[in-house]
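Chemist: Below, each chain spelled out in residue letters.
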Amino acid sequence: MATERMVTILVVEDDPGHARLIERNLRYSNIANEIVKLGDGQEALDYLFGEGKYEGLERSSSLLVLLDLNLPVLDGFQVLERMRADDRTKYVPVIIVTSSDDTRDVERCYDLGCNVFLTKPVVDYEQFSEAIRKLGLFLSVVTVPERG
Amino acid sequence: MAKEADMTKTELVRELAKTRQKVGELEEALRISIAKLKQSREEYKTFAYIVSHDLRNPLINLKGFAAELGYALETVQAVVDGLLPQLEEKQRQAVTVALQEDIPESLGFIESSVKRIDEFMNAVLKLSRLGRRPLKLEPVDMDAVVREVLALLADQMEENQVVATVAALPEVVGDRASLMEVMEIVLKNAVVYTEPGKPGHVEVVGKQGSDETIIYVRDDGRGIEEADLHKVFEPFRRAGRQDVPGDGMGLAYAQALIRRHGGRVLCESELGVGTTFTLTISRNLDRGDDHGY
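Protein chains in written order, with numbering that gives the first Met the number 0: chain W, 0 to 147; chain Z, 0 to 292.
Because the hints were derived from the structure by calculation, they are not lab data. Incorrect hints may have been included.
List of simulated lysine to any residue pairs, SDA-like, C-alpha gap at most 20 Å [unchecked claim]: (1) W:36 / Z:56; (2) W:36 / Z:64; (3) Z:125 / W:104; (4) W:133 / Z:142.
From chain Z, some residues computed to sit far from chain W (all C-beta separations above 10 Å) [unchecked claim]: (5) 33; (6) 42; (7) 62; (8) 64.
Quantities reported herein were computed from a predicted structural model and do not represent experimental measurements. Built from N, CA and C at the ideal position, the CB exists for glycine as well.
Hey, can you work out the whole structure from these sequences and the hints?
Modeler: Shown next, in the form of structure tokens:
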């Protein structure tokens, strides 16, 4: 029988303000899920693969990654590419959350295997806030059965 | 005599050599200048893109946290409403003014300023993208383009009692979407900047030159004052009465797109008489003569 786990949310974002806004809006939905904030692409991969300062980390096997594109060290494209090429992270859902709305970026991310592409709006923050809250609400009621 | 002629000949040959050398030097200087110009144009485009793109991040925080303060204010407001009767009159007034007037007003100014900066940056970003996006060159029937644009403007033309006549326009080689956008901008200006109550006439004619195709868009609308003419192509600048909504970017976009087609946009106008826009499009674009703006 498959065991069920609560999803851990990784917020990969180098702007601490944006990371905090995303976290706050997720929390408004009263979710109890663990939220891990990671500030650059390399740190995100280290966390995912238990390398570097995360060596030996027993991370949750149920993950959802909210990934920015413009990141230091390794950018979001590189993170996504590495995730999709590795069996351990191949199926982890990835939502791109970026300030870019460039169609080339959108296409490239879907080509690389992202699940959803969201643009952080400047003026319509309330709508974005609502979307992240709904995502939180959704995650608070779902549990993901483990693969295999 | 023969000796004199020989001397003149020698002098001429020497002069010719000198002139040749000078021409060579000038050519070299020109080549370097063009290379420098191209480089600074590239730098400008990259700069405009980076500025408008990267400034979005702090702006998202400004708007985001202003909205967060608004949410927090609602929470505080709900609690404070119940506590107000327990306060002294003076305190109650101060708290009420702060919560109901000062804080919402301050948040309102932050939000409207963010919106203006965002609109400004989006326009800079669009202008920079127009100069960068690849052109899909193909034969374009300008006649069909103009007719399509006029169909889009039909409601406004009816409202402003404007009639358009289109002479048979030549075919050009260019990027259809860009040329469509250019014609939409220029024709829309011709259709909306009319004298209220006075029926208008817009005429579109074309001419095939040896190196370029020329399209004239003539209107008998309100015209532009001579002192204002230089403003029309400048980003964010508008000329004349501001009674038609617009961001002052249309002709800057049109100029950027026409320059990509190796051409120019010229504007001649007389106040109260009308305006003529002259658009030229290079006929050598299919020979790889793509121009950045």
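Chemist: Against each hint, give a clear statement of whether it holds in the structure.
Modeler: A quick look at each hint next to the structure:
| no. | hint | result |
| --- | --- | --- |
| 1 | W:36 / Z:56 | holds (17 Å) |
| 2 | W:36 / Z:64 | holds (18 Å) |
| 3 | Z:125 / W:104 | holds (16 Å) |
| 4 | W:133 / Z:142 | violated (50 Å) |
| 5 | 33 | holds (29 Å) |
| 6 | 42 | holds (20 Å) |
| 7 | 62 | violated (5 Å) |
| 8 | 64 | violated (7 Å) |
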